[in-house]
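**Q** Chain order of the listed sequences is A and B.
Number 389 in UniProt numbering belongs to position 389 of the first sequence; there are no gaps in the numbering.
Number 22 in UniProt numbering belongs to position 22 of the second sequence; there are no gaps in the numbering.
Just to be clear, a hint being listed does not mean it is correct.
With a straight-line cut-off of 20 Å between C-alpha atoms, the simulated EDC-like cross-links for lysine to aspartate or glutamate are [as the list claims (entries may be wrong)]: (1) B:73 with A:6; (2) B:78 with A:388; (3) A:9 with B:77; (4) A:383 with B:77; (5) A:314 with B:77; (6) A:9 with B:122; (7) B:115 with A:6; (8) A:9 with B:120; (9) B:139 with A:385.
Calculated Cβ distances over 10 Å to all of chain A for the following chain B residues [what the hints assert, rightly or not]: (10) 58; (11) 118; (12) 124; (13) 131; (14) 177; (15) 192; (16) 212; (17) 223.
Derived by calculation from the structure, the hints in this document are not laboratory data.
For glycine and all other residues, C-beta sits at the position ideal for the given N, C-alpha and C.
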Amino acid sequence: MIYVPETIKSALSALALNKVRTFLTMLGVIIGVFSVVALVAVVQGFQNYITDQFESLGSNLILITPKMSEDHDPGRTFMGNKLSLKNIDTINLYVGDKITAVTPSVRVAKVAEYKTKTYSGTVVGGNYQSYSIYGLETELGSYYTKADDSQKANLVFISSDVRKELFGDRNPVGEKIKIENTTFEILGVAKPKSPTFDDRIFMPDTSLKAAFNVEVLSSIAVKVKEGQNIEEVMREIRLALLKDMKADDFSVVTQKDVLSSIEQILGVLSSALAAVAGISLLVGGIGIMNIMLVSVTERTQEIGLRKALGATSKNIGRQFLAEAIVISLGGGVVGLLLGYISTLVVSSFIRATIPWWAIGLAMGFSVFVGVVFGTYPALSASKKDPIEALRFE
Amino acid sequence: MTPVLQAQNVSKIYDMGSTKIEALMGIDIEINKGEFVAIVGKSGSGKSTLMHILGLLDTPTDGEIILNGVNTKGMTEKQLAQVRNEEIGFVFQSFNLLQRTTVLDNVILPLKYSKVPGSEWERKAKEVIEIVGLQNRLKNKSNELSGGQKQRVAIARAMVNDPSMILADEPTGNLDTKTGDEIVNNFLKLNSQGKTIILVTHDDDLAKIAQRKIVLKDGRIVK
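Starting from the given sequences, assemble the full structure and let the hints guide the process.
**A** Structure below.
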């Protein structure tokens with residue numbers, strides 16, 4: 001009897017006879033599976049990033065951001081950024097009793113140096129209240145104070161990764177690090193929180209503006225008191241800020257709003273992805289069918305011989321179907337490996353992961369493509385008349 | 001004693017629409033165990049058609065083929081495949097080995113479609129490869145062999161499942177005289193060991209080695 005492992009073995013050896021052709025045939029499926037896996041991983045990575053970001057902030061947070069320009073041109077949005085420290089005072093004046101903290105937020109990417117070591121991370125400027133807004137916890141030392149804010153003191157509070165990279169296990173409190181041309185003293189170290197938080201260096205926004213010549217605020221973050229109606233507070237903040245700015249200059253959003261709009265974008269991206277995947281697998285499948293039909297014709301004599309030696313039509317059909325599935329599944333596995341390698345490559349930028357369902361789906365689709373596009377060639381092989389086939393030159 | 005193979009009143013008619021071609025008419029053949037029979041005829045005499053029918057690769061329009069006392073008429077495709085696998089060993093003019101596949105794997109091929117368990121394939125194949133004297137070429141690919149060696153592999157393949165008869169279609173047709181003689185000697189040796197051999201050829205000289213000659217002309221047995 002010819003068993004399944006034997007069928008697969010003979011499929012492999014038949015395909016090994018035409019290595020280049022087999023590889024080229026696989027290519028369609030390889031590219032299809034690779035692009036799906038890589039893109040799913042990146043989308044997943046974005047989702048991880050956003051979830052990290054928001055989970056670490058807590059739920060009762062309101063953000064005031066510059067309003068996107070009508071044409072969504074980030075340049076114009078940036079130029080038209082009217083947020084200022086004055087807004088903080090306004091917020092405190094009008095809704096100060098309903099909030100626990102408010103901070104400006106300025107973010108810049110910088111390289112910190114300590115002796116020969118360097119670390120490129122995000123420098124975040126905020127007032128002393130940013131500690132509670134960001135939900136930070138202290139590992140060593142302390143956070144800066146209101147007095148440090150107003151004195152533009154060159155003090156920093158560093159995250160766990162920054163410490164690990166620059167100081168190892170040593171206590172860095174009191175050490176000096178250099179960012180661009182300014183020296184900052186380390187006041188404290190945060191407990192590890194999440195990947196997006198652990199690369200940060202916190203300092204008073206006043207110090208940041210002075211040291212790096214930054215004028216505008218990235219956003220203003222407000223933490224609402226427990227038990228307050230967030231929608232209500234948002235409305236009041238909006239009204240209050242209209243005294244400083246025009247309605248077109250700013251947006252008041254909760255992190256839920258931001259999250260849902262990003263998820264919407266990711267959703268659209270995912271469906272586009274699925275369409276691309278479908279098309280490339282279809283093309284890959286047609287390629288497999290094409291080559292299998294060529295192979296059936298080329299091996300007509302072999303089919304006749306096998307039938308003469310006792311193979312049934314079913315045996316022959318199964319053999320060719322197995323070859324199509326091996327090509328397709330092989331392409332799927334190679335595509336998956338390439339996808340995995342690409343996630344390793346981008347993992348230093350974004351925490352990309354390949355979910356199990358994506359692996360299962362990729363493999364399932366590969367087999368499916370092999371079966372669908374291998375059936376017709378397999379049938380035409382199995383139907384060959386042994387006499388005609390033996391005579392075929 | 002039941003004959004190994006009986007053809008009773010076999011005819012084959014190809015229906016080409018307006019014309020009917022009578023390839024075989026009223027063929028009666030009886031071949032006994034251990035016989036060496038040559039079926040001889042010129043091109044177009046119907047000997048290829050007869051060989052296909054005797055080898056159960058084709059079915060007669062009329063008449064019956066009885067193998068070891070079992071009538072093959074009305075057998076399903078699967079049953080016929082099994083009978084071919086177990087009872088008939090084929091040797092073709094153009095060898096028909098699997099390309100770029102080792103001698104051993106070529107000889108194992110019929111066993112893959114048989115009921116013989118996989119654990120015995122290699123042992124059985126090596127046994128018959130030794131009979132044709134290719135035991136030190138087991139791992140050579142088919143394209144690395146000479147014509148004579150290829151045909152010896154084909155003979156080993158025909159023998160591996162220990163069939164009731166070997167059906168050889170112009171087995172020396174693609175070989176030079178000297179190599180052809182070696183192949184003939186292989187057949188004679190097998191026959192002396194009790195194998196039934198049916199040799200189909202147009203070559204009268206070759207047919208002389210057989211104990212019995214069946215001559216075909218225009219689809220009928222003339223001698």
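**Q** Work down the list of hints and note, for each, if the structure agrees.
**A** Results for each hint:
{"no.": "1", "hint": "B:73 with A:6", "result": "violated (32 Å)"}
{"no.": "2", "hint": "B:78 with A:388", "result": "holds (18 Å)"}
{"no.": "3", "hint": "A:9 with B:77", "result": "violated (25 Å)"}
{"no.": "4", "hint": "A:383 with B:77", "result": "holds (11 Å)"}
{"no.": "5", "hint": "A:314 with B:77", "result": "holds (10 Å)"}
{"no.": "6", "hint": "A:9 with B:122", "result": "holds (16 Å)"}
{"no.": "7", "hint": "B:115 with A:6", "result": "holds (14 Å)"}
{"no.": "8", "hint": "A:9 with B:120", "result": "holds (17 Å)"}
{"no.": "9", "hint": "B:139 with A:385", "result": "violated (31 Å)"}
{"no.": "10", "hint": "58", "result": "violated (6 Å)"}
{"no.": "11", "hint": "118", "result": "violated (7 Å)"}
{"no.": "12", "hint": "124", "result": "holds (14 Å)"}
{"no.": "13", "hint": "131", "result": "holds (18 Å)"}
{"no.": "14", "hint": "177", "result": "holds (24 Å)"}
{"no.": "15", "hint": "192", "result": "holds (25 Å)"}
{"no.": "16", "hint": "212", "result": "holds (25 Å)"}
{"no.": "17", "hint": "223", "result": "holds (26 Å)"}
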